[in-house]
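J.: Protein sequences appear in the order of chains X and E. Numbers 1 to 250, taken from this note's numbering, label the letters of the first sequence in order. Numbers 1 to 250, taken from this note's numbering, label the letters of the second sequence in order.
To be clear, the hints were calculated from the coordinates, so they are not data collected in a lab. This one's a predicted model, so the numbers in the text were calculated from it and none came from an experiment. Mixed in with the good hints, there may be bad ones.
As the list claims (entries may be wrong) - Stretches of chain E that chain X covers, calculated by requiring three or more beta carbons in the stretch to come under 8 Å of a beta carbon on chain X:
#1 14 to 25
#2 214 to 222
#3 232 to 241
Said to hold, decoys possible - Simulated DEER-style distance windows between Cβ atoms:
#4 E:Gly243 / X:Glu22: 49 to 55 Å
#5 X:Arg180 / E:Glu118: 43 to 49 Å
#6 E:Gly221 / X:Gly114: 31 to 37 Å
#7 E:Glu88 / X:Ala98: 56 to 62 Å
#8 E:Gly139 / X:Ala133: 34 to 40 Å
#9 X:Thr156 / E:Arg201: 36 to 42 Å
#10 E:Gly243 / X:Gln200: 34 to 40 Å
A virtual CB, placed ideally from N, CA and C, is assigned to each residue, including glycine.
Protein chains: 2
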Amino acid sequence: MRVTSEQRLEDGVLEREFTLGEIPGVLWTPARAASAAPAPLILMAHNNGLPKRDPRLVARARRTAVYGYAVATIDAAGCGDRARSAAEEQARADLRRAVQAGEPADEIFESVVGPLVEKAAPDWRTTLDALLALPEVGGPVGYSGWTALGIRLAVTEPRIAAACFFAGGYVPRAQREEARQVTVPLLLLLQWDDEGNPRQRALDLFDAFGTREKTLHANLGGHTGTPPFELDDKARFYDRHLGRAATSAA
Amino acid sequence: MRVTSEQRLEDGVLEREFTLGEIPGVLWTPARAASAAPAPLILMAHNNGLPKRDPRLVARARRTAVYGYAVATIDAAGCGDRARSAAEEQARADLRRAVQAGEPADEIFESVVGPLVEKAAPDWRTTLDALLALPEVGGPVGYSGWTALGIRLAVTEPRIAAACFFAGGYVPRAQREEARQVTVPLLLLLQWDDEGNPRQRALDLFDAFGTREKTLHANLGGHTGTPPFELDDKARFYDRHLGRAATSAA
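With the rest of the complex left out, here is chain X (with noise of 0.2 Å):
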């Protein structure tokens, strides 16, 4: 892993550029003493790769760290700026004309989402490893976002220990029979009025999920309209799954 800029942003939190073989990522990590304990680090992964260009994530991310949690994101591979093929590229313009044209986007969905999440698992382990031997970073691990990527990694990577999931309106066919299989805590974050996830497709998938301590949260509002008190809540969804690390940053 190797730090590529390294920046101590104004509510103490540390801002680390990172790349790791390919893959580039991004860690934020509380403001502590060299002496407290490791922060549980929490996996915030968005479809589209790196949340860099995106204030909202990034806000996201550091309020997250403030709260005492180490977060990291990465363009995982297909994701984002990562190379992709040009029938790669094919598929993702024949998805975002279908979406806009408000035409029947499921099996072009399958053909982009399907294969990604496939390929971006692996990156995610790969992070969660070289992370989890950093000193500052320690488990258990928090996943939050992509619902699709989220799923496959609640069911085959056991460090895992509580997700929280966005949307979920479009979820692959594999993730949506993996849903069954997850039996990790979950928070389902729903915005009821989500022009990209169709509503019902979110709540039949809440009722899928295999865990026994699911929660969903839905708010009024489109895609970006979560409400700013989620954050907080989400927060408390970890401090209870995850502990909390004691000395963080306020």
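Chain E: place on chain X using the hints.
T.: The following block gives chain E in isolation, referenced to the frame of chain X:
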């Protein structure tokens, strides 16, 4: 308002039983300095009336008082131990029998609960007047619990500034209509497998509420299975909208 018993509980909360004409009630107020600002009031209603015999509901009221709120509950007209006509008792028995037998209960429900809401609402308003006259109790006022009555109060009582509704699977026609007129911030708490409250109806009701600021929390399990952390979430909902008294007990 006549206080019939008064008890300081070990968490510092003062529990007072009172009568207000024919209305029996209980008021819980937080431990606080004499100079403290009045505690915002939360009306906690249950369609079976006073939760005095339900330790789960009493614990909920006390905990909310510990958070810094004044919490009140009454036996409104037709509820709990209040006198009922032979016809009313018969209708209630018919409803119980139909529900237990798994028969369609909509019409009986309508004939029992429709009039109950009409009769109960004025008693809650009388109580609100009396409680807000106490120096230690103030506004803005929150509402918690029984959905149908809460809808009626939220649309007819401008002093109610935020409401937390529970279940909502069965709501009389009049209140299903009135739901569109509810404009105060709302938290709807739903048990995903509530044996007595059809899930889809509760989701439809959430959809129908007129307020722009509404949040749904759903958890797995039956009617009485709401996880303890939802009480904390609810307190934070009230904190956002009612402004918790600065000098609460803790």
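J.: Look at each hint and say if it fits the structure.
T.: Hint-by-hint comparison with the structure:
no. : hint                            : result
1   : 14 to 25                        : violated (count 0)
2   : 214 to 222                      : holds (count 7)
3   : 232 to 241                      : holds (count 4)
4   : E:Gly243 / X:Glu22: 49 to 55 Å  : holds, 51 Å
5   : X:Arg180 / E:Glu118: 43 to 49 Å : holds, 46 Å
6   : E:Gly221 / X:Gly114: 31 to 37 Å : holds, 33 Å
7   : E:Glu88 / X:Ala98: 56 to 62 Å   : holds, 58 Å
8   : E:Gly139 / X:Ala133: 34 to 40 Å : violated, 55 Å
9   : X:Thr156 / E:Arg201: 36 to 42 Å : holds, 37 Å
10  : E:Gly243 / X:Gln200: 34 to 40 Å : holds, 37 Å
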